[in-house]
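Enquirer: With numbering that gives the first Met the number 0, letter number 44 in the sequence shown gets 43, and the count goes up by one each step, no holes.
The reader is advised that the hints may include incorrect statements.
[To be verified] Computed Cβ-Cβ distance ranges for the label pairs, DEER-style:
(1) Leu29 with Ala54: 12 to 22 Å
(2) Thr30 with Ala54: 13 to 23 Å
(3) Pro25 with His65: 38 to 48 Å
(4) Thr41 with Arg19: 13 to 23 Å
(5) Asp53 with Ser18: 12 to 22 Å
(6) Asp40 with Arg62: 14 to 24 Å
Simulated from the structure, these hints should not be mistaken for laboratory data. Idealized CB from N, CA, C, for every residue including glycine.
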Amino acid sequence: MEAKPPDEALRREGRSYASRLTVNIPKETLTALKIHAAQRDTTIREVVTDLIHDAIETNERRRNPHA
């Protein structure tokens, strides 16, 4: 079986791979994030992605409230 390049492969959620981002956060914050994700039976990646998406949408609504 031929391996697909990362940009063509699908993640388990059915979305294509994207570039990676590494962020350093305080140890206590990472611990809280792990607990938060585990309590919701999800991944840290999903929690962070959802938070970023929500922040972008909120910012867009503030910039263009009549759209």
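Enquirer: Evaluate each hint against the coordinates.
Expert: Verification of the hints:
The beta-carbon spacing between Leu29 and Ala54, approximately 19 Å, falls within the hinted interval of 12 to 22 Å. A C-beta distance of roughly 22 Å is found between Thr30 and Ala54, which places it inside the suggested range of 13 to 23 Å. Remark: the range hint 38 to 48 Å for Pro25 to His65 is upheld by a beta-carbon distance near 39 Å. A hinted range of 13 to 23 Å for the beta carbons of Thr41 and Arg19 is consistent with their spacing of about 19 Å.
In this structure, Asp53 and Ser18 meet the distance hint of 12 to 22 Å, their C-beta atoms being roughly 21 Å apart. Separation of Asp40 from Arg62 is about 34 Å and departs from the stated range, judged on CB atoms against 14 to 24 Å.
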